[in-house]
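Between the sequences and the hints, there should be enough to build the whole structure, so can you do that?
In the order they appear, the protein sequences are chains A and B. So the first sequence is numbered by my numbering: it starts at 120 and just counts up by one. So the second sequence is numbered by my numbering: it starts at 120 and just counts up by one.
Incorrect hints may have been included.
[Claimed, not checked] Taking lysine-lysine pairs in the DSSO-like style, the calculated list, with each CA pair at most 27 Å apart, reads:
#1 A:K327 x B:K305
#2 B:K305 x B:K359
#3 B:K138 x B:K305
#4 A:K359 x A:K138
#5 B:K192 x B:K138
#6 B:K327 x A:K327
#7 A:K192 x A:K305
#8 B:K305 x B:K192
#9 A:K138 x A:K305
#10 B:K138 x B:K359
#11 A:K138 x B:K327
#12 A:K327 x A:K192
#13 A:K327 x B:K138
#14 B:K192 x B:K359
#15 A:K192 x B:K192
#16 B:K327 x A:K305
#17 A:K305 x A:K359
#18 A:K138 x A:K192
No lab work stands behind these hints, which were simulated from the structure alone. Note that this is a predicted model, so its numbers are computed, not measured.
2 protein chains.
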Amino acid sequence: MECGFYDFQVQPREVDLTKRATLITLGDHILHTAGEDADRNGFGIRNLHEHNISWVLSRFAIEVDRQPEEYEKYRIQTWVADVSRVMTTRHFILWDLNGHEIGRASSLWAIIDMQSRQALDLRSNVQYTDVIVPLEAPMPRPARIGAIAGTWSEEHTVRYSDIDFNQHANSMKYVEWMTDLLPLEKMTSGRLARIDINYLHETRYGEKLTIAAEDNETCSRFEVRRQDGSAACRAMIQWK
Amino acid sequence: MECGFYDFQVQPREVDLTKRATLITLGDHILHTAGEDADRNGFGIRNLHEHNISWVLSRFAIEVDRQPEEYEKYRIQTWVADVSRVMTTRHFILWDLNGHEIGRASSLWAIIDMQSRQALDLRSNVQYTDVIVPLEAPMPRPARIGAIAGTWSEEHTVRYSDIDFNQHANSMKYVEWMTDLLPLEKMTSGRLARIDINYLHETRYGEKLTIAAEDNETCSRFEVRRQDGSAACRAMIQWK
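Structure, rendered in structure tokens:
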């Protein structure tokens, strides 16, 4: 019944040309923290895979007050907030070394059977009672994002470098494909305030996808579509 | 006059579906080691940038006996072997925790003026005398790679996620574009023996590139071409 704390240092290969950690880097570190903390509590991927079950990220949101700089050390605090039959919530707070909050994140996870890809009852698969921390949520929960038409789009075929140990496209790769569609000025403006991501369907090696985007001063919206037109992932970025 | 040793652990986001560290991961770790060790010896990027000069990777080769597994800890040994007017050689040996060599690497570096992008005399810019370690080279030096026609190719526009703090495409991104052209079976075969890479010209955000490839049982060759037809990068992979 306590939070986990995990230390990071922003490496040169994790910054963009502004020498600040990219959104992808922050997302990777946050998800890494989730994995480590689950592992430490005995329900990490290693344990789950022994039973042919695995974690699936369903929704994810990150708020960014300040993107840490190259070589900056910072700390991610994490805890499990609740668990229901189908979904568990894990929160995060990002702290700099002066003890200031520089961001926060919230994530919703399900457990699937790796063969059938069907969601399983969390409460009968993970011993959660001892790990839930009754702290207040650090931010509004990850939003449900509606369909968009998109004012422009690009095609993308899922490649070797996109897929992870789960044999599907990695969670942060969707965000990489999406943000690569935006003007460079926007990505390097330091105005990133919040991203909300909905993961709706996994995508596999060789799948041909369409990444659609629409964008205005304060908000960018994205949809990754499969060949049958269904959405695999949607996201919304809010700008300061 | 001693080698540096740097410890790594293969993280879940650094493996492919075979749960072994990817070539990109190994290259990232090796280049990270080079950066850390240069930094520790007082001629890292941080020091150089204060004088508006920077390191540029010219040639790089990696030999892989065994790709370390997910969560496996391993160690990279590195040292500076020599320094001439225009180029310095840095070697690496990858060790597993049982003290077995699992790979090695060799790299050639120049120093450029960040404004003019011209190469500078290394000996008048870096105090090297004290750091050269007179150890035998762990492998044949990175090869010069000739032009190829290519039996197939893909277009690629340099994106936000491709560029690093130097404002050009990151060294390992070329390898990512290249290896994404190969059949998945080849990349996951565990037969990777050696890659040699020649960096010939930097590429900038928005540049349209052609990535050409040719491939047989024992050898894959690649060329990244700029719009004027000149080569930005060439590489050759040898397979066991």
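Each hint, compared with the structure:
The suggested pairing of A:K327 with B:K305 holds, with an alpha-carbon distance near 21 Å, which does not exceed 27 Å. For the given pair, B:K305 sits about 11 Å from B:K359 by alpha-carbon distance, which is consistent with the 27 Å threshold. Proposed proximity of B:K138 and B:K305 is supported: the alpha carbons are some 15 Å apart, at most 27 Å. At most 27 Å may separate the alpha-carbon atoms for a hinted pair to count; A:K359 and A:K138 meet this at roughly 19 Å.
Under the criterion of a C-alpha separation no larger than 27 Å, the hint pairing B:K192 with B:K138 is consistent with the structure, at around 14 Å. Proximity of B:K327 to A:K327 is assessed by CA-CA distance (about 21 Å); at most 27 Å being required, the pair is judged to hold. Among the hinted pairs, A:K192 with A:K305 is consistent with the structure: their alpha-carbon atoms are about 25 Å apart, no more than 27 Å. Between B:K305 and B:K192, the direct Cα distance comes to roughly 25 Å. Compliance with the 27 Å bound is thereby established for this hinted pair.
Annotation: proposed proximity of A:K138 to A:K305 holds, straight-line Cα distance about 15 Å (limit 27 Å). Restraint check for B:K138 and B:K359: the C-alpha separation of about 19 Å stays at or below 27 Å, so the hint holds. Between A:K138 and B:K327 the alpha-carbon distance is near 24 Å, which keeps this suggested pair within the 27 Å criterion. Between the alpha carbons of A:K327 and A:K192 the distance comes to roughly 39 Å, so the proposed pair goes past 27 Å and is violated.
A distance of roughly 24 Å separates the Cα atoms of A:K327 and B:K138; the hinted pair therefore holds under the 27 Å criterion. Proximity of B:K192 to B:K359 is assessed by CA-CA distance (about 24 Å); at most 27 Å being required, the pair is judged to hold. Among the hinted pairs, A:K192 with B:K192 is consistent with the structure: their alpha-carbon atoms are about 22 Å apart, no more than 27 Å. Distance check on the hinted pair: B:K327 and A:K305 sit about 21 Å apart at the alpha-carbon level, within 27 Å; holds.
For the hint pairing A:K305 with A:K359, the CA-to-CA distance comes to about 11 Å; that is within 27 Å, so the pair holds. As the CA atoms of A:K138 and A:K192 are separated by approximately 14 Å, the hinted pair is consistent with the 27 Å bound.
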